[in-house]
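**Student:** Respectively, the protein sequence lines represent chains A and B. Residue numbers for the first sequence follow numbering that gives the first Met the number 0, beginning at 0 and rising by one. Residue numbers for the second sequence follow numbering that gives the first Met the number 0, beginning at 0 and rising by one.
Hint data in this document are derived by calculation from the structure and do not stem from the laboratory. It cannot be assumed that every hint is accurate.
Chain B side only, calculated, beta carbon under 7 Å to chain A, not exhaustive [what the hints assert, rightly or not]: (1) Lys19; (2) Arg77; (3) Gln104.
Derived DEER-like restraints, expressed as beta-carbon distance ranges [as the list claims (entries may be wrong)]: (4) B:Gly107 to A:Gly249: 55 to 63 Å; (5) B:His194 to A:Ile179: 41 to 49 Å; (6) B:Ser119 to A:Ser259: 55 to 63 Å; (7) B:Gly107 to A:Tyr191: 29 to 37 Å; (8) B:Val213 to A:Val180: 23 to 31 Å.
Yeah, the Cβ is synthetic: ideal placement off N, Cα and C, and Gly gets one too.
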Amino acid sequence: MSLFQSATREVAINLTSRPGARLVTLLMVALAFIVFDTFLIISWNLQGIMDREENLVGMEVFLQRDISQAQGLVIGDNISSMPDVKSVYYVSPQEAEALFRAELPGRADLLDVMGNDFRLPASLQIVFEPETMNQGRITELSRQIGSIAGVDDAVYGEDYLPGLLKTVTTIRRLVILLGIVLVSSISMVVFYTVRLSVVRRSLTVDIMRTVGAPWWFIRIPFVIEGVFMGVIGSAGGLAISAILSKVLAGAVTHRFMPLSWMTLVILLGAITGTVGALAGSYEKER
Amino acid sequence: MLVTMTGVRLSYGRWPALDKIDMEIKQGEFLVISGPSGAGKTTLLRLIWMGDRPDSGLVEVSGFRSDRIRRSELPQLRRKIGIVFQDFRLLHTRTVFDNVALPLQVTGTGKRTVQKRVISLLARMGLSHRRNAFPHELSGGEQQRVAIARAMVAHPVILLADEPTGNLDPEVSREVVELLLEINRGGTTVVMATHDPRQVPAGKGRFLFLDKGVLRGADRWTELDSET
Ligand SMILES: Nc1ncnc2c1ncn2[C@@H]1O[C@H](COP(=O)(O)OP(=O)(O)OP(=O)(O)O)[C@@H](O)[C@H]1O
Ligand SMILES: [Mg+2]
Numbered sequence: 000m001s002l003f004q005s006a007t008r009e010v011a012i013n014l015t016s017r018p019g020a021r022l023v024t025l026l027m028v029a030l031a032f033i034v035f036d037t038f039l040i041i042s043w044n045l046q047g048i049m050d051r052e053e054n055l056v057g058m059e060v061f062l063q064r065d066i067s068q069a070q071g072l073v074i075g076d077n078i079s080s081m082p083d084v085k086s087v088y089y090v091s092p093q094e095a096e097a098l099f100r101a102e103l104p105g106r107a108d109l110l111d112v113m114g115n116d117f118r119l120p121a122s123l124q125i126v127f128e129p130e131t132m133n134q135g136r137i138t139e140l141s142r143q144i145g146s147i148a149g150v151d152d153a154v155y156g157e158d159y160l161p162g163l164l165k166t167v168t169t170i171r172r173l174v175i176l177l178g179i180v181l182v183s184s185i186s187m188v189v190f191y192t193v194r195l196s197v198v199r200r201s202l203t204v205d206i207m208r209t210v211g212a213p214w215w216f217i218r219i220p221f222v223i224e225g226v227f228m229g230v231i232g233s234a235g236g237l238a239i240s241a242i243l244s245k246v247l248a249g250a251v252t253h254r255f256m257p258l259s260w261m262t263l264v265i266l267l268g269a270i271t272g273t274v275g276a277l278a279g280s281y282e283k284e285r
Numbered sequence: 000m001l002v003t004m005t006g007v008r009l010s011y012g013r014w015p016a017l018d019k020i021d022m023e024i025k026q027g028e029f030l031v032i033s034g035p036s037g038a039g040k041t042t043l044l045r046l047i048w049m050g051d052r053p054d055s056g057l058v059e060v061s062g063f064r065s066d067r068i069r070r071s072e073l074p075q076l077r078r079k080i081g082i083v084f085q086d087f088r089l090l091h092t093r094t095v096f097d098n099v100a101l102p103l104q105v106t107g108t109g110k111r112t113v114q115k116r117v118i119s120l121l122a123r124m125g126l127s128h129r130r131n132a133f134p135h136e137l138s139g140g141e142q143q144r145v146a147i148a149r150a151m152v153a154h155p156v157i158l159l160a161d162e163p164t165g166n167l168d169p170e171v172s173r174e175v176v177e178l179l180l181e182i183n184r185g186g187t188t189v190v191m192a193t194h195d196p197r198q199v200p201a202g203k204g205r206f207l208f209l210d211k212g213v214l215r216g217a218d219r220w221t222e223l224d225s226e227t
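Isolated chain B (complex conformation) (with noise of 0.2 Å):
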């Protein structure tokens, strides 16, 4: 098992963020996180990742636990993972080439396997082209091609994709899923938060829906679908 939560609880103030939260992630799914907004997908994610620790409860990531994992091992657990946010998190001042490059850069990895690796991931991604751009000077669906180039640069075994469409139109949104899908598709476990599920094509992902911090079972969005 790649993710597991067990009686996972979480609390910003007086209420919880996330409660009960019993949840396993299997290794090459594509898991659709799915509910209104402050249902607590965001959360649940920075929970992945550890960017917070469970009140209670345990997470485990690829054999670290939430109990145990010492400052130190943060960066390594980052490493094995490849986030994606709504609002892409590009750097500025770097070019769209550095942007990509920057988890093997952080890592000391050598400039020859950098160059190629960055050179070949924007290549399948359709950017070779724009590598020299600034962030600002790409369309936002470019950028968060851009983004998702860089949480895939060091082969991670997880991507989160936080409302990865969040900022898109349509078309472009339906060109994202199809790349996360084609990601998926390579082996890598794919966990994306939305809140329209109807994004993702049923059958093409398991789907957990998210309210008020509680998990209500899977394939919802059929539901949601009948209701509208």
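Chain A with its partners taken away, still in its complex shape (with noise of 0.2 Å):
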């Protein structure tokens, strides 16, 4: 028997023994994975609402009718020369005409009903820095650009963006605290659980180590003991939280986590079981 082959028995022997105990660390670990699923599926969901919603990362400016296409234009470069502004586009009359026309069809018979005398307003539509933006600019913004003469108003996303990114933010913060706590918390519980291994095949391991057993064939099965714990445990997390949305998807709207984000919480689980059981099976020098 190669020494690989009798290192595999061991870890058979010890993943095999006291299924019980095992039981319970894995549905505690599959727990604190289901809490931070969660956290990641709302971050995730969030997140592509901001996605989508990033071009009104942007304001659109409303001039007074008696503003003239050149005096709008002036005050296009005044604006694109502020801080923070991306670009500035002016949007004539006759183009707001033709955007209302082209997505609003069913409404085109407003414009008609308002008579040959009726115009749009001309606007400005302006893009900012998305990754210098955040409520408080975007307010200042707002008010210097209403400030300006010939602005009639400034309208953008006021009570909606500006939540939605602190929100965001927010969540974001949540996700990498509940990560460390997780980290940590499972890190002890594997610890523990390994521990607890090591204790009760203690005789083996003594055993063990009076024949001459290199040290990592003494350690591996309760290494591996921790890595499965931690596989088994997020993927078993994963796949519950996976049910769960699909169960949920019908009253609340939302997308699961995308693979890669999948495969970062196997990975988690895998690094954490490794961390508590290198610290459960350690011994000092004997």
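Using the hints, put the two chains back together into the complex; each one sits in its own frame.
**Tutor:** Now the structure itself:
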């Protein structure tokens, strides 16, 4: 029998003994991961909304009706020289009407009713640098732009987007915090489970030591046990989260997390299990 | 010299379990270490297989020094040493064959070599017919013979037996001592710790007496004998 085969056999012996206690640990790991996964899914979906509404990180500035196209362009130049402004686009009344007809064909009759003299106001479409935008900055910009002569009104997703930004940032921080709590607490759970295994199998460990087994040979069953609990626990948590996500899909429209995130979750489980098991199976030189 | 101890002292807590130990063990000898319970016999053997290191002084075993040996070298040392305990210490989930094969399996010895070596050893111990039994199905004497077979399977240069007859009746004890003597005649150095040195016939070995952690010189057993 090769050394590898013997080691594999020790791993099998260790894993198949005392399944009850290991099941409890697995459940705990899985439960912890379900909570974590839930926050990941929330974060992922909020991010999705953010991405879709990204073009809203901008502002629509309506100009007063007596402003000519040349004057409008000058105001546009002024605004584009302000910090954090990425681009400014002048929309003439004709263009606005064309856009209106194109985007809301059902309402085109509205324009006809208004008569030939009616013109939509000219406007400036402003896009900001998304990286530097935050709630304070966007409010300040809207005040500044609103006070420029010739500007009628500055409109942006005042109530919606900044709140969303804040929520996404908060959730992201929460996910990171939760990740840290998760890693340390699961490491502890795995640590104590592995420690218990070592104590329960202390006779075997002692015998292995006295017959000259290499240290990795003695330790590998316990390390594998930890990795096993981390991987199976996180994968199980992920599976349950996926089922819950399916069940709740009707009530709350959302997407499950992408494959890369799932891989990361399982990797996190593996790392956590390994760390806990390495610490739990560590014994000082004997 | 196979084992050398110089000025060895080892304490558990306040009182030294061993103190001022100077001794040598020559290749091929049969050494009996006796002494009352708590004298430090087990501790002395632990120092030889380096399950413990001395607080001061030096232990040298087959080229390994207690002050220099690295953690990664401990397995190499232990493969040169066979150990037998009073409580046998067999793995109850493994058969007799697998228990005996263990020291070879943990070094990755080829299957065929393991098979040959274990089977011939079990035959010599009179255990061939029990090779597929589990330890709990064996008598105490049989279990101890399995433990001795396990200790001998990897051709150790030294066999340490800590109270090997402690759990056995007198008849079986005699057989076990006889087995150890036979192993010694085969060239293996044997160190046996026992509270009763009369188990080994006079002239068959060298006798050391431990008392409260201090060595009291040789051939103490004759004095003991006359006291009783
Ligand atoms: N792990 C330990 N922790 C603390 N004290 C210990 C430990 N091992 C041994 N001792 C103490 O060291 C002394 C020597 O113990 P040791 O086991 O070597 O004696 P012994 O001669 O083998 O006794 P016995 O015949 O009962 O087996 C004793 O006083 C014992 O209480
Ligand atoms: Mg003892």
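**Student:** Next, verify each hint and record whether it holds.
**Tutor:** Hints versus structure:
With 7 Å as the threshold, the beta carbon of Lys19 (chain B) stays out of range of chain A, its nearest partner Cβ sitting at about 25 Å, so the hint is violated. Taking 7 Å as the C-beta cut-off, the interface hint given for Arg77 (chain B) holds, the closest approach to chain A being about 4 Å. Among the interface hints, the one on Gln104 (chain B) holds; its C-beta lies about 4 Å from the nearest C-beta in chain A, closer than the 7 Å criterion. A beta carbon spacing of about 58 Å between Gly107 (chain B) and Gly249 (chain A) agrees with the range 55 to 63 Å that was offered as a hint.
At roughly 57 Å, the beta-carbon separation of His194 (chain B) and Ile179 (chain A) lies outside the given 41 to 49 Å, and the hint is violated. In this structure the supplied range 55 to 63 Å holds for Ser119 (chain B) paired with Ser259 (chain A), their Cβ-Cβ distance being about 58 Å. Checked against the hint of 29 to 37 Å, the C-beta distance between Gly107 (chain B) and Tyr191 (chain A) comes to roughly 32 Å, which is consistent with it. Our hint of 23 to 31 Å for Val213 (chain B) and Val180 (chain A) is violated, since their Cβ atoms are close to 56 Å apart.
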